Amino acid sequence: MPDAERPPMISREDVLHVARLARLELSEPELEKMREQLNSILTYIDRLKELDVTGVEPTSHAVPMVNVMRDDVVVPCFPRDEMLANAPDRVGEFFRVPRIIED
Amino acid sequence: MDVVIGLEVHAQLLTRSKMFCGCATTFGAAPNSQTCPVCQGMPGSLPVVNRRAVEFGIRTALAFNCRVNEACRFARKHYYYPDMPKNFQISQYEEPLAEDGALEIDVDGASRTIGIQRLHLEEDVGKLVHEGTLETAQASLVDFNRSGVPLMETVSRPDLRSPEEAAAYLRAFRAVLVYLGVCDGNMEEGSLRCDANVSLRPRGSSELGTKVEIKNMNSFKNVQRALEFEVRRQAEALEAGLRLVQETRLWDAERGYTRSMRSKEFAHDYRYFPEPDLVPLRIDRAWVDAIRAGLPELPRQRRQRFLRQYGLPAYDAELLTHSQALADYFEAATGELPQAKLVSNWIMSELLRVLPADDEAAIRAAKITPRHLAGLLKLIEDGTISGKIAKDVFQKMVVSGEEARAIVAREGLTQLADEPALAAVIDQVIARNPKAIEDFRKGKTAAAKALVGQIMKATQGKANPAIVNRLLEEKLSKI
Ligand SMILES: [Zn+2]
Chain A
24 MPDAERPPMI SREDVLHVAR LARLELSEPE LEKMREQLNS ILTYIDRLKE LDVTGVEPTS
84 HAVPMVNVMR DDVVVPCFPR DEMLANAPDR VGEFFRVPRI IED
Chain B
8 MDVVIGLEVH AQLLTRSKMF CGCATTFGAA PNSQTCPVCQ GMPGSLPVVN RRAVEFGIRT
68 ALAFNCRVNE ACRFARKHYY YPDMPKNFQI SQYEEPLAED GALEIDVDGA SRTIGIQRLH
128 LEEDVGKLVH EGTLETAQAS LVDFNRSGVP LMETVSRPDL RSPEEAAAYL RAFRAVLVYL
188 GVCDGNMEEG SLRCDANVSL RPRGSSELGT KVEIKNMNSF KNVQRALEFE VRRQAEALEA
248 GLRLVQETRL WDAERGYTRS MRSKEFAHDY RYFPEPDLVP LRIDRAWVDA IRAGLPELPR
308 QRRQRFLRQY GLPAYDAELL THSQALADYF EAATGELPQA KLVSNWIMSE LLRVLPADDE
368 AAIRAAKITP RHLAGLLKLI EDGTISGKIA KDVFQKMVVS GEEARAIVAR EGLTQLADEP
428 ALAAVIDQVI ARNPKAIEDF RKGKTAAAKA LVGQIMKATQ GKANPAIVNR LLEEKLSKI
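First to last, the protein sequences are chains A and B. Throughout the first sequence, residue numbering follows this note's numbering, covering 24 to 126 in sequence. Throughout the second sequence, residue numbering follows this note's numbering, covering 8 to 486 in sequence.
Source of the hints: derived by calculation from the structure; they are not laboratory data. Remember, it's a predicted structure, so these values are computed and weren't measured experimentally. C-beta atoms are modelled at their ideal positions from N, C-alpha and C, and glycine is treated no differently. It is possible that part of the hints are untrue.
Claimed, not checked - In silico lysine-lysine, DSSO-like type, Cα no more than 30 Å apart, as pairs:
1) 469/B with 403/B
2) 464/B with 451/B
3) 72/A with 464/B
4) 56/A with 72/A
5) 464/B with 403/B
6) 228/B with 218/B
7) 56/A with 84/B
8) 485/B with 398/B
9) 451/B with 56/A
Said to hold, decoys possible - Below, a sample of chain B positions facing chain A; criterion: calculated Cβ distance under 10 Å:
10) 22
11) 24
12) 25
13) 150
14) 278
15) 316
16) 443
17) 447
Unchecked claim - Ranges of calculated distance between the beta carbons of each label pair, as one might list FRET restraints:
18) 279/B with 61/A: 30 to 38 Å
19) 66/A with 141/B: 22 to 30 Å
20) 143/B with 110/A: 19 to 27 Å
21) 34/A with 34/B: 28 to 36 Å
22) 98/A with 242/B: 48 to 56 Å
23) 363/B with 54/A: 41 to 49 Å
24) 141/B with 50/A: 31 to 39 Å
25) 239/B with 91/A: 19 to 27 Å
26) 32/A with 139/B: 55 to 63 Å
27) 120/B with 103/A: 46 to 54 Å
28) 260/B with 54/A: 54 to 62 Å
29) 293/B with 98/A: 27 to 35 Å
30) 34/A with 88/B: 23 to 31 Å
Modelling step: build the complete structure from the supplied sequences, incorporating the hints.
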């Protein structure tokens, strides 16, 4: 079935919802562009579904490794002032963040 | 109505370093002094799993008879809150470390088995200090020292049927963790945190009612109070024909009620996906077996042993073994003085009057050591001091850390057992109280009691009561 005939998988509302979860503000043209791009990504994933993956374990990692762990050893921390220097706002030893609750 | 409660407990693991980086986990360090690019979520930084945190998780899972999953994976849980700079928390979702266990609890002498659904590892978040309250603050301050500290989340099945059972579960749960040495169990400092899911349903029904999540209960007492309030609130609403909404409510300990959390404070759309920066774990059976072989005696086993070995009443055994430090204290003292019930009585009535039963560190650091307590009780046993004087001596020992014998000698508290000396005191008291003697002769036996009181007063409470009674009886019979 050609793409044009499929109902769009991602609606305008879906994009708004995801943008809200990701704290992104999108302009009207950006919103439409995102919708198109997300749809084309999902269409591509649909094509992958055509592959027969019987007997193939679901993969979450591209490297065939397990059990990478470290010993419980304390190492020196990062200098606090250098850390705080990255922050837009600080009070003494603390990071300062804007009002949390929306009105 | 049936009450249905499930608990989610978050325990800070007693590792030296954080879950995914080498920063120290010391409580109370200067703000933001224990952080690095990993636990501050700087782009490009890479987490690495702390092996001991996994070991502690397995240790706990085995103590609760959970199945340790051979394959386990970490996942990103996304939400925005300023206490978490990455905007996702590394947690576990579809493949937790362990599943399907149980914890036995005792309420009113009856045992119940509470199912444990899952146990997983995750990282803690930073701490917020609001400029004012959360509602009024124009800004908040963030300390990331706690960010990345290993947490173990354990979710019970909705098997708890009352607030009292929930509190019993939490106490039993805490005891196991402390015995295992994986968590210090300190609720006030937040090393143990508990959220509850509460719902009501018609008696006997298997359908679950509308579930309400309660947060912010930071002590055993508050867990029970919060749940009692919430059960009452839901029952009243249902009786009034109102419909409950599925929501999260915060317990306000000062005002004693739960209040609805503003819905926008949390979006329950976590978009979990496997953490790409951490490869999966394949838990080796040999590792699990080695951890199992190293499990210590757990609270219930110890309680059974206390009943058997010391012949203690169930109440004593239960109370003493809830705290590992207290149980250790009891055993150390009983090692010096084998009168187990006497030792237990003094621990429960006197020691716990000055020390909180759930403060392991305070009990271990008590100035009155188990050997000191045994020394004091020996003085009662051999008649050197009376039980009443011993209580005063105990109070002094708690403060000074001295041995009982030293205090008794310095303050001249030794019980008067010298018969001629006591006889002389009794004669003086009799001479001073002709009225009481007259009453006694007329058959008022209560007059003798008044005389004993006078004799004890004359000896500053040090006279041996048994000898006083015998001598006085002899003298009165001759009058
Ligand atoms: Zn760090």
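| said: Between the alpha carbons of residue 485/B and residue 398/B, is the straight-line distance 30 Å or under? | reply: violated, 36 Å
| Holds or violated: residue 464/B with residue 451/B, Cα cutoff 30 Å? | holds, 21 Å
| task | Could you check the hint for me, namely that residue 363/B and residue 54/A are 41 to 49 Å apart, CB to CB? | result | Between residue 363/B and residue 54/A, where Cβ atoms are some 58 Å apart, the hint is violated.
| query | Hey, does the residue 316/B contact hint survive, CB to chain A under 10 Å? | reply | Hint violated; residue 316/B Cβ to chain A Cβ min 36 Å, cut 10 Å.
| Straight-line Cα separation of residue 464/B and residue 403/B no greater than 30 Å? | Holds, because 21 Å separates the two Cα atoms, which is no more than 30 Å.
| Outcome for the supplied range 19 to 27 Å, where the beta carbon pair is residue 239/B and residue 91/A | violated, 50 Å
| task | Would you check the hint for residue 228/B and residue 218/B, treating anything up to 30 Å between C-alpha atoms as holding? | result | The hint holds at about 22 Å.
| task | Can you let me know if the beta-carbon spacing of residue 143/B and residue 110/A is within 19 to 27 Å? | result | Cβ of residue 143/B to Cβ of residue 110/A: about 23 Å, so the range 19 to 27 Å holds.
| field | residue 61/A and residue 279/B - C-beta distance against the hinted 30 to 38 Å | value | Between residue 279/B and residue 61/A, where Cβ atoms are some 19 Å apart, the hint is violated.
| message | Please check whether residue 66/A and residue 141/B have a Cβ separation lying inside 22 to 30 Å. | response | With a Cβ separation near 44 Å, residue 66/A and residue 141/B fall outside 22 to 30 Å, so the hint is violated.
| Is the hinted range of 28 to 36 Å satisfied by the C-beta distance from residue 34/A to residue 34/B? | The hint (28 to 36 Å, Cβ to Cβ) is violated, given that residue 34/A and residue 34/B are roughly 48 Å apart.
| query | Is it true that the CA of residue 72/A sits at most 30 Å from the CA of residue 464/B? | reply | violated, 96 Å
Hints 3, 8, 9, 15, 16, 17, 18, 19, 21, 23, 25, 26 and 28, counting from the list given before, are not met by this structure.
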